[in-house]
Each structure stands twice: as C-alpha cells, then as structure tokens.
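Given chain A's structure and the hints, the job is docking chain B onto it.
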Amino acid sequence: MATITLKINGQEVQVEEGATILDAAKKAGVYIPTLCYHPYLPLEEACRICVVEDVRRGWSTLVAACVFPARQGMVIETDSEKVQESRKTILELLLSDHPNACMTCQATGDCELQDLAYRFRVKADAYPGERHKHPVDSDPNPYLHIDMNKCVLCRRCIRACHDVQGADIWTKVGRGFEQRISTAFELPLQEAGCEFCGHCADFCPVDAIGFRSGRYEMRAWQLQKGTTICLQCPMGCGAVYDTYKGKVVTVHGDFKAPSNTGALCKVGRFNYNFVNTPDRLQTAYVRDGSGDHAPTTVDAALDTAAAKLAEIVEKHGGAAVGVLAGGMLTNEEYYLLQKLARGALKTNNVDNVAGPWQLPLYEGLSSSLGWGAMTNPLDDIALAKSLLVLGSNTLEKHAIAALRARKAVRNGAVMIVAHPDRVALTKNAEKHLAIQPGSESSLLCGFLKVIVSEKLFDAAFVEKHTQEFDKLERSLEKITLKDVAERTGLTEEAIQDAARLYASKRPSFLIYGADMAQEPANESLYRMGAALQMLLGSVGVPGGGFAAMGVSGNAQGAADFGAWPKYLPGYRSVSQAAARKTVSNLWGVEVPGEGGLSWPQMFEAIEKGELKALYVVGVNPFELGLPERAVESALAKLQLLVVQDCSKTKAADYAHVVLPGAAFMEKDGTAVNCERRVQKLTAVMAPLGDARADFDLIQGLLGRLKADLAPADRAQAFDEAVQLIKDMGPLRYAALGEKGPCWPIREDGSGTDRLPLSEDKPSLKFFAARL
Amino acid sequence: MRRPAVFQNPSKDLSPSEVEQLRHVIETHRGKKGALLPLLTEAQQVCGNWLPANVLAWIADEIDVHLSYLYGIATFYTMFSLEPRGRFIIRVCESPACHILGSETVLEALRSVLGIQEGQTTPDGLFTLELSSCLGVCEVAPAMQINEVVFGNLTREKIEDVIERYRRGEVTDYRTLPGSGGRVRTDWEIHRRALLLQGVGDIDPENIDDYLAIGGYEALRKVVLGMTPEEVVEEVKASGLRGRGGAGFPTGMKWSFTLPLKAPEKYVICNADEGEPGTFKDRYIMEGNPHRLVEGLIIAGYAIGANKGFIYVRGEYALSMHRLRRAVEQARQRGFLGERILGTSFSFDVEIRSGAGAYVCGEETALIESIEGLRGNPRVKPPFPGVRGLWAMPTVVNNVETLANVPAIIKNGAAWYRSFGTEDSPGVKLYQICGHVNHPQIVEAPLGLTLRELIEVYGGGMKDGIPFKMCQTGGASFGFFTAEHLDTVMDYASMQKKGGALGSGTMLVMNERTCVVDVVRNIMHFFQHESCGFCTPCRRGTRVLYETLSRIAQGDGRESDLPMMIDLAQTMSATANCALAMSPIFFVRTTIERLKDEYLAHIVDKTCPVGVCPV
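Heads up: the sequence lines are chains A and B, in that order.
Sequential numbering from 1 applies to the first sequence in the working numbering.
Sequential numbering from 1001 applies to the second sequence in the working numbering.
Isolated chain A, as found in the complex (with noise of 0.2 Å):
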C-alpha cells in the first residue's frame, strides 16, 4: 500500500492509502467533531459535522472528512471560518427539531449532541419552526426507552441492527421531513422480531432509544464505570458496566475485546439482576443448636466449615465429602477449589456444573485433533463461506458465534440451522433442518456419510493432514441414509442436500454450542464433527474450523484449571500414577487416585448415604435440571452443606454453613473462553458488606484445613497453577494484558489462535462414525 502525505492544519502527516481524512486527523491528533460516525459501524456520512475545507489552488471545498478519501497533497483545514460556521448552522438545524430539554433527559452528561452545542457554542433556537411530535415512551418492551423527537437521524441505530446485530428492526421511513426511524409498520419491538440487544439504544448518539433501568435515578456523572469480562456464557464478552452505589445500571459492550468487539447479547446486556436483587448475601450465617440460622462473621463461619469438613473427612474418608462449583467462578478459584478437595478434603469430588458437557467435547476433539477445544477464534466464524449450525439456540446462548454466522451470511456465505425449533438464527439461514431432538450426532453422522460417498470431501487436505480415514471409510458403508432419515427426522433427500449444499462451499464452519436443557453428547458427536471438518479442510484455516462451545462462562477454565473428577489441571488424568505424581510432587501433598464423582452422580451417592458433605460454591442446586423433589430431598440428608454465593437462594435453607460470595463482576481473576482466550477480569465494584470472592473465601477454607496448600494471593494460584498446565504455560498473572491470548501459548507468551497443521507428519484422526 501507498503513502500518502497530506497536510492538515499546516501540520503534515502519513496515511495509508485508503485512510480517509478523519483517519489522517486522528493520527495527526486534530480534533473533527462527528455524529453519526461511530469507529465500528459502516459509514453513513449523514450528518456532515466532519466537514473540512479541503483547499486547492485558488478555491476550496468542503467535505465529508469521515467518508472523503484522504488524497496524496492534498491541503485540509478542519477550523477554518467556512467549516466553523457550517458545523454551527448544521448543529443549529438539528437543534432546531429537537426537543433541547436537556434538563430532564437522561443523556445529560452523555450526550453527544450536548457535547457539541456546548463545544461550538450554537443557539437551540436559531431557527424557529416545526418539530417532530412522537409520541414517548409508547413501546411497552421491559428493556428500551424510546422518544424519537429527540432522535438526530444518524441511523446508528440501523447500522447497529444490521451490521452488530443482523435483526434489521430499525429501519429509515419516509423522507425529507417525514423521516424517520421506526420498525416494520410502527409494530412495537417485540412484534417486530427485536432481539433486545440494545445494540441500538448503546449507539445512539443522544437519548433517542435509551435503557430504561437507571432513568430519572441518577445522572449519567454519578455512574461508575469498570470493564471486564462477562461470565454468563463461554463466548467471554468484555464489558463496561455502569454501576452505582453498589448495583449494576447498565452494560456496554467493550469494543477493545477481541472477543465481542462491542456486541453484547441480552444476557449480557439485561440479565444483572442476581447482584442488583434485595436477597444478596451480605453476612455469613451459620446454623445454631435451634437449627435456625445466625448471622456470624466470615471467619468465624469459615471456622465452622473447616471443622466439620475435617470432622467428616476425618469420619468417613474423602469420599464421603463433595464439592460443586458454578459456572462463573474464575480460574483461580477453580484451580484452588479443586486443591482444595484434592489436597486437603482427599477426594476427587470435585465438579462444575458444566463439566459433565465439557468432558465429551474435551475427550472427542483432543482425540480427533490434538486439542480438546474450538479450533478457531470466533471472529474466524464470520469468514466462512458454508456453516453448519447445531446444537444451541446459539442467538440466546452462544450469541457471538451467531453473530458471527450472520455477518458471514451478509456476506454471502450459506447457512443451515439445524434445531428442533424455528430458532431466530433460522431466518438468515438457506436451509432449517428441523431434527428430532438429540440427533444431532446422527446428522452429523449422515453429512459424512453423504460427503464421503458422493466423494465431496478435499482429498488432498486428508491425504496430508489427516490418519485413519479408511476407519471411517468403513464405518459409514454399515450405516445408511435410511437409518439417518429415521433418525433425524428428515428425509434421506434433505439430508442428502443440506450435506451437498454445506459441502459446496468452503472453508466451512461447524458450530455446535452444548446446552445445559440437553443430556450431554458423547465424544463421538465431536469426533464426527471434527471429522467433517477435517474432510472439507476446513480446521484450523481462516474461515473454517470448528465452534464447539461449552455450557457456562468458563467452563473452559474450569476444565483447563481442573476443577472435574476425571482430570487434574492440564488435563493430567487422575487416574494414571505419574499424572498424580507430578501434582503430588509441586503440592507437596499426595493427591488421591480414586476416582471423582461427576456432580449428578454425587447427588446419587448422597441419595445412597455415601456422600455426607457437600460444598457448593456459586451455584443453586435447584437450578441443575434435577427433579425438585430429588434436590430437596438429597440436601436433607446431608451432614454438612456449606453454600457459598452471592444470593440468598434456596439452597441456603438447607445449609448448615453459609457463605456469603460475589458475583463475577466484583471479582479480580483470570477465565478461559471458548475461543481458548485467557482473559483478565477485573472487579468493577466490591462485594457487598461482609461478601468476599469466592477466591479468598475458598482460600480461608484451605488456609484453615492446610495451610501450606494456600497460595498467598490470585496471582500466586494462576503462576503455580499453569505449571501444571503445559499449554498455559509461559503465562503470568501480572503478565495478561487487555487482549488476553489464546492457549497454547509459546514461549514468547503469545497465543495460538487457530489450531496449526504440521506440514511434515499428518495430525488429525478420524474415528469410525457412530450413528
């Protein structure tokens, strides 16, 4: 690319060519008032505030700097009396069909269109006329604000919709005068099909779509606002969130994070009421004589714990004790519960809830590709020119993947959905495959078989990268269509044009996000998909890869930080003698070689009597998709319960012990997304009165069972932790940076986004397909 020097203000400064005059002004630190530019949105140049005087021999010009290419020679001037007094009688029009009640509106103090009256001093009523009259407030949705008088017609909105979103809701109506933003027929949001993103209402420029929550509350100056990473989904959003006085008011999406770039989804968005809640835990309680519960102090009902776990461990064996970790927790509280149950309570019961989803996805990939994780980072999905969609409801639950899926879509790729119902993602699809539920394995199953005897696949990818393909060769000539079609519920002729039609294109993108409503899937789902994959050559290339994702925040961590009974941290498995030695060896502590119990098979062995203590730590038992009764029932009979968390929830009434925990927002740590991303988090408020993060409530355990297991700080945890975790590494806490890096990571400390090719030896592996 060429350089192109240009002068701006007298001042002369390099671009690349393509950069546009706003870019050049940016690099040469000169200010040019925008509005309905936004960084990450296509351009519109519709409000003309960016012009500038572009000045040639004896006459000059005026442009739009935001769009206008920058030119080699080329003379600007950004201040000007012409720009000034344009940028004036511009902010004046817009003013003049306003309704400048900046007094009662919720932007005040974040408003863009305030920012600039203020800066260039315009007059609101320098022309007198008529204005919009619409009416406010009218949509009933829980989630937007809308008062479209006050809107400046900027279209970030739409362009947020499509290109952020990909919901098209927001669209131009009408013209000259009449413009103006709205749905499909006025319809309200829900009607129209609005996802509730708020997308629209975080880009708009002014208070035109705004977020209900926090109104006429507080100013946009009161709020508080702190960035870190959203736990409620594997996709490891960064988020902004605005708090104040110790409660979240609104969410942003951080557009730094490589991971979501900005977008957020309506859990991310919306879903914060678990710390806003009145049933926030703020105290310890512990369970007096009476069996009622009274308030106490942490330490003195850590004290309590400790005694009774030991009691118990002492009693019975450390098989007798269990412990179960929510989805949300961070790396280091993962790592230092499971050394908690492994080193001082000598059990290896010791499960998160999402475990049970992530063992499968762990064992099928690393045997099919060498790691047990997704293949590319997510952005890589939007690249793919063929998609294959399973599993989830992706939009509600791994909604950056979809996101992405969309955008490839717009950009011309073609998409199957398949699921069981006409999931929103299906209407940007090509093709919906509505699948018996659970057959995803035998859709995956009929692709290859599809693939492999119409000889779709790329011969060349598997000669080079791959073994085994005469195992699974073999296996498909014993399955028929037929016993797909029965399964699937499809016909033999649409599973025979979906395979074609994904095949058809490349690179390809399977995505396959695990749902907790579903029984896990076994290996071979993976093992199929990987190999798929690996017959469309599409693993580890830009574009094509497989998005295989797991139930909750950082159930890649959890996994990764080994806090699941079948393997220690690095996924050294516990039951082979040298595994165990290694951990053994840096603990200083031997680590118990019976094997763990998954957390629904200790809620069957405390059914049976054997499991008599149980630690839970931020999650709701009665929340796991067990029958209530079962729950309730097995907490009864429990010798000790220790329920940790940030709520009031209804296991606390069964507790003997409880803790009072915080919400993955107030927590300082590490977690590992899906994309294999370890990533910082950072609290962006204190845990409420006595409420401590897990990590040093976890840690006050451990000091008090063994003290010498207890590492001194987060920091310590992660540095010893990923000793034991080959792929992690060279990392270190203080070390992560903004933009975390994907696992593995080299030497240098850099990541490996996509998973690499060997060019001398083939290191992929099929395995025969199971229907």
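Derived by calculation from the structure, the hints in this document are not laboratory data.
Here a beta-carbon is modelled for each residue, glycine too, at the ideal position from N, C-alpha and C.
You can trust all of the hints, since none of them are fake.
On the chain A side, residues computed to face chain B include the following (Cβ under 10 Å):
1. 44
2. 46
3. 49
4. 61
5. 62
6. 64
7. 68
8. 87
9. 94
10. 126
11. 161
12. 172
13. 175
14. 177
15. 180
16. 182
If you anchor each label on the Cβ, the simulated ranges turn out as follows:
17. B/1463 to A/17: 55 to 61 Å
18. B/1416 to A/12: 49 to 55 Å
19. A/759 to B/1262: 32 to 38 Å
20. B/1391 to A/135: 36 to 42 Å
21. A/12 to B/1260: 29 to 35 Å
22. A/18 to B/1225: 40 to 46 Å
23. B/1011 to A/431: 27 to 33 Å
24. A/411 to B/1226: 44 to 50 Å
25. A/17 to B/1262: 16 to 22 Å
This is chain B only, laid out in the frame that chain A set:
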C-alpha cells in the same frame, strides 16, 4: 401467509384470484437482482392501487427481505400507498407552472366535484385525490393525471366532464393516445431540420419501420460494423455534446472514463426520470420516437463496453414506458438488440425500469440505488458511478436527450454537429417554454437562442399581454431572471454568468401578477417534500427555508430572514451530500437580490403587492 397481529397499517382479505396473481408476480421477480420496485409496483396493481400490510409481510417472507426494509421502501416512493385507495388515482400537479396557472383552482374544483379532500377516497371507492410533484406536462398546465392518463389545460368544466365520464365507466386507455401533453409544431421551419424531434408527431412511434424509413439504426450499423469503441467515444468527444439533464457534463469525457476500465460487467443507464419541474422534453422523444433513444443507448453501450442497459423512466410516464417497451421488443426482433447485434460479436440488451415517485431519483446515484431496489438515497461520492455504479460496476448514466443526440452525431460526424450552436455549447437543444406565455411549447433549436426570442417567437408572446416580470431558468433548481436578462443567450456559459442556468432547457415565464414569495415558497415546498432526508443540511435546511417562506407569505417574516435564508442555502449547498440541496441557493439568492422589494413588502408592509399571499 404470515399475518402479524398488530399492524397499524391496514391489511386486506385477498380473493383467491388476487392470491394467484400475487403468487405469479412474486414468482416472476424471485431471485432477480433489484426487482423489488417492479415487484411492489405490480403487487400494488393487483391489490387495487395499494399495498396491504399482510401482502408486504408475505412478500418479505417469500423473497427473504426484512419487512422493515420493505416498509422503508414503500414509504419512500410516493406512488406506493399503504392505505386503501380508489380505482382511479387523481394526481393534481402542484409544480410551479401549474401553480401559477391555477392548480389551486383545479384542486378546488375536484374537491367540490368529488366531495373529498386531498388524501381521501370517494365513498364509492372510485377516486382518490392526491397532490403530485411536477407531472412533466407543463405545456398544458394546469394538469392532472388519472391513473396513467394526463388531462391538461384544465378548467372547471373540463374537470366536471372528465369525472363524469370516468363515473360512467368511459375510461381513457392511455395507450391509444398520441401523446400525453401538447404536440410538436411540425409546421415550423426550424423543426424541418430537427434532429431530436425528427419524426416526433409524424411517425408511428410503435412501428420500427417508420423509424427505419427516416434513417433509423443507420448510426448503430455504422458503429458496430465499422468503428471501434474508442472511435465512437472520440467522435462524441469531438462533437462537444454536453449532458442535457441539467449539469452539462461533457458526454464524451464521461464515456472515456469508463471505457478503459476492466470489470466483469459494465452498465449504461438512461436517466428518463424527468422530474425537474417545468421539464417535459424527454417525454416527447420517448412518446414520439422511442427508437432514437434506444439506438443512442445501444451505441453508448458499445462505446463503453457495456452489455446491459437500463432506461429508468419516472413512474408517471406510463405512455413513455409503454412505447419504449414496444420499441425494445421490435429492436430485438430486428436484431438491433440482444445477442450478436447485426451479426457482430457485440451483444446488448435493455431493460425498462419504472420509478415510483421520487424526484431525487433523477440524481444518478439515487437512480442507481433505486434500480438496485433500494430507497433512492444518493450515494456518497467519490467513487463516482463511472468507476463504481450499479451493483458496484462501472456505470454511465446519460439523460434521454443526450442519448438522442448520439445517432445523429455518429451518422453525420462531430464537425457537422459542431456547426450548430455556440463555441461553448455546440449542437441543438430542446428548449421548453412554460408559464405565462400564449403557447407553452417545446422547441428544438441550435444552442444560442435568447430568452426574448423564445418567449416572443416560439412562446407566442406574454399571455393575455400581461407584462413579463420574471423567469425561472433551467428548471426549479436554478436562478431567476428579470426583464433586464431577457436578451441572454441561452447556452451553458452565458446563462450561468447572469445567475441563471440552461439546466434542462426549460424557462418558466411569469407575468406581473405573480408573487415571487408565493412562487419561491411553492418551489421550496417541492424541495422539502422531495428531499430524501439522508443528510442533515438538506433534510432540515429545505424544511427551514420552506417554513421561513411560509412565515413571510403570512406576514410573519423578519428582515433578518432574508440574509438568514441566503446563508443557510449557502451552507446547504456547501455541505450537503447531493445536488438537491445545492439548488435552493440559486433561486433564493437571485430572487432576494433581484426582487427584494417584494419580499420586503411582505415583511415590512405586511402586504402582498399582487394580492396572492395570505398576509
């Protein structure tokens, strides 16, 4: 069919036959690039002149377009309606020419004859009364259109008579009419040598043999059999032909930018969206001799290396579209269009596209957006269409009259063409004179006529002998002349020097009984109505100017309004995205400078000197 529960816009219970027809319409256009506007136009016809919400929802589902998007399009183009309308849509022209000749009286008569107001439909479901921007029949102003048929020179009696006939079911078939407006004066000496109007009014426009008999398609033969594209471009360049749409950009130069570009596809588009108020010249060519345009378009395609052409005709010009479609069909049958034209390796085809009521679509990039099936918002330039136009391919957009010149230039050579007109503006021009003259008219003449000649010789002098007061030059977008400018030579440079413009070649002549405030207000109403709303300066600026003029007309003006209007119009011109907002400065400034006393009379004396405004 999906039927959302809470549409605020009405839906319609479709009859089985309507469902069948709609299905057919959808199938015809399914999967075709940019077919959205034709699809909606045809769907609207099936549904009885309106687009029910449920039908739009159905279309959105079928062709996989977001409903919000369809709604955006349907509300952009004025010819689409989301409310039920009558069998006959009466569009009363409210453009300046009709305005000064009594469109208000026409409206008054229609209101009383029909018993309804604008925007309403008669209880019998027969008539819907609407206002329209210029219908392009200014030579017969005041005018109205009932569905496709134009009725001009309206009087109360004529209106009553027409409505009565329509009530009786005597509906005029527009296809049987010789033309929509006036006739070309074939008896004039100057028209014996006409090249653009040659044959117009004489030949049967629906018979290709008539065109062949006057030398039609000879230029095409010459081009494809004996010239390289470069030679064609050079010839047109040498002729000095400048774009006749209004801006006057040299045509050959425009072609020469696109010719060398390598692209998978190139397009040539004929801009037949003749929406500039006061302009009606292109209609004469399309209705009177459509083959000349088709021939010019094919040659343009050959010259720039395009294989596909579009003629984008404004939606109101039904007869033009009908005749162009016939012409294209016949040309295809005779091998002038289609694969391997005249046995050569050159292939070219033409598609006729209809506008749907949006002046801004005359702006070339808005027109391209419209062909692509989008709202007609002008694009951000650069890049210009010659480099990146229709579907991102290099595209040349030329006006009808421009292309109609091409066959004659090719046939007779550039030097011959240059022998007409002036040094600055060679060739011939279709002048139009309308407003307060005895014979509003179209005239073809070598460039260089004076305004006085046009009025006196061709317009038959001032109507009823009432003295001349002012003239808006070039269309609604340009400056006003007063009596001192009558001897200006009407070529590009001379007109501009005097604060006017040749523009589309139309001159709206107004007599002493016309109020400048009233006329400028009328023009400004047009601009604020037609502003696409894309950029702030135009969307807000046109509206503020209109509201200010309305205040002045009502006697609520301030002296400071005058400099404010000039400053605002100046800023609009400097900052807006397209030429639409660059127009007001011309007529705002010239009228305020040249007819300031009349403005001041409204503002200071609170009186309208000619008694037109409701001060």
